[in-house]
Amino acid sequence: LFNGNLQIIKSKKTGRIRYVYADDELIASIRTSDGFIIPSWKGASLLHSSLDYPRCRVVVNEESEPFAREGKNIFAKFVIECDKNIRANDEVLIVNEDDELLATGKSLLCSEEILDFSHGQVIKTRRGRR
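-8 is the number of the first residue of the sequence shown in this note's numbering; add one for each residue after it.
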């Protein structure tokens, strides 16, 4: 999945993996509380190009696209489709209808709830692409 010169940075105190770099570019951080992998923008781009549609994706409509790019949170009424395997607290790729990567974020709900709800926040956006 990740090619090139990989460098893993560990915590000096705990010895746990904290960061993963590929060719001197950060591609992921490891969340200390639960060990989840948090992709950087570069890491998200690599995942997006490596995973088949709709894997790990939440598709938003045209109306919310500029807000996603700015890093604003995603609300249920703007979600068109999502990967059926998404669970609460999963890291997701936020894309438009053309599968263009707009942002990354953390799912607050499972996929069924995301699609069933008509209002309320469903994705906490980490970073958008302006």
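Be aware that a few hints might be false.
[To be verified] Derived CB-CB ranges, DEER-like:
hint	residue 1	residue 2	range
1	Q(-2)	S109	15 to 25 Å
2	N52	N76	18 to 28 Å
3	H110	I0	19 to 29 Å
4	Q(-2)	R46	20 to 30 Å
5	K33	E88	37 to 47 Å
6	S109	D14	19 to 29 Å
7	D15	E54	32 to 42 Å
8	D15	E53	28 to 38 Å
9	K4	E54	42 to 52 Å
10	D107	I0	37 to 47 Å
11	S109	G6	45 to 55 Å
12	E103	L(-3)	27 to 37 Å
Note that these hints are calculated values from the structure, not bench results. These numbers were taken from a predicted model, which means no experiment stands behind them. Even for Gly, the Cβ is constructed at its ideal location relative to N, Cα and C.
Verification of the supplied hints:
1. Q(-2) to S109: 15 to 25 Å: violated, 45 Å
2. N52 to N76: 18 to 28 Å: Once the Cβ atoms are compared, 22 Å apart, the range 18 to 28 Å for N76 and N52 holds.
3. H110 to I0: 19 to 29 Å: violated, 41 Å
4. Q(-2) to R46: 20 to 30 Å: Since Q(-2) and R46 have Cβ atoms about 27 Å apart, the given range 20 to 30 Å holds.
5. K33 to E88: 37 to 47 Å: Distance hint for K33, E88 is violated at roughly 24 Å.
6. S109 to D14: 19 to 29 Å: violated, 44 Å
7. D15 to E54: 32 to 42 Å: Roughly 38 Å apart at Cβ, these two residues keep to the hinted range, so it holds.
8. D15 to E53: 28 to 38 Å: Since the Cβ atoms of D15 and E53 sit about 36 Å apart, the hinted range of 28 to 38 Å holds.
9. K4 to E54: 42 to 52 Å: For K4 and E54 the Cβ distance comes to about 46 Å; the hint holds.
10. D107 to I0: 37 to 47 Å: holds, 40 Å
11. S109 to G6: 45 to 55 Å: holds, 46 Å
12. E103 to L(-3): 27 to 37 Å: holds, 36 Å
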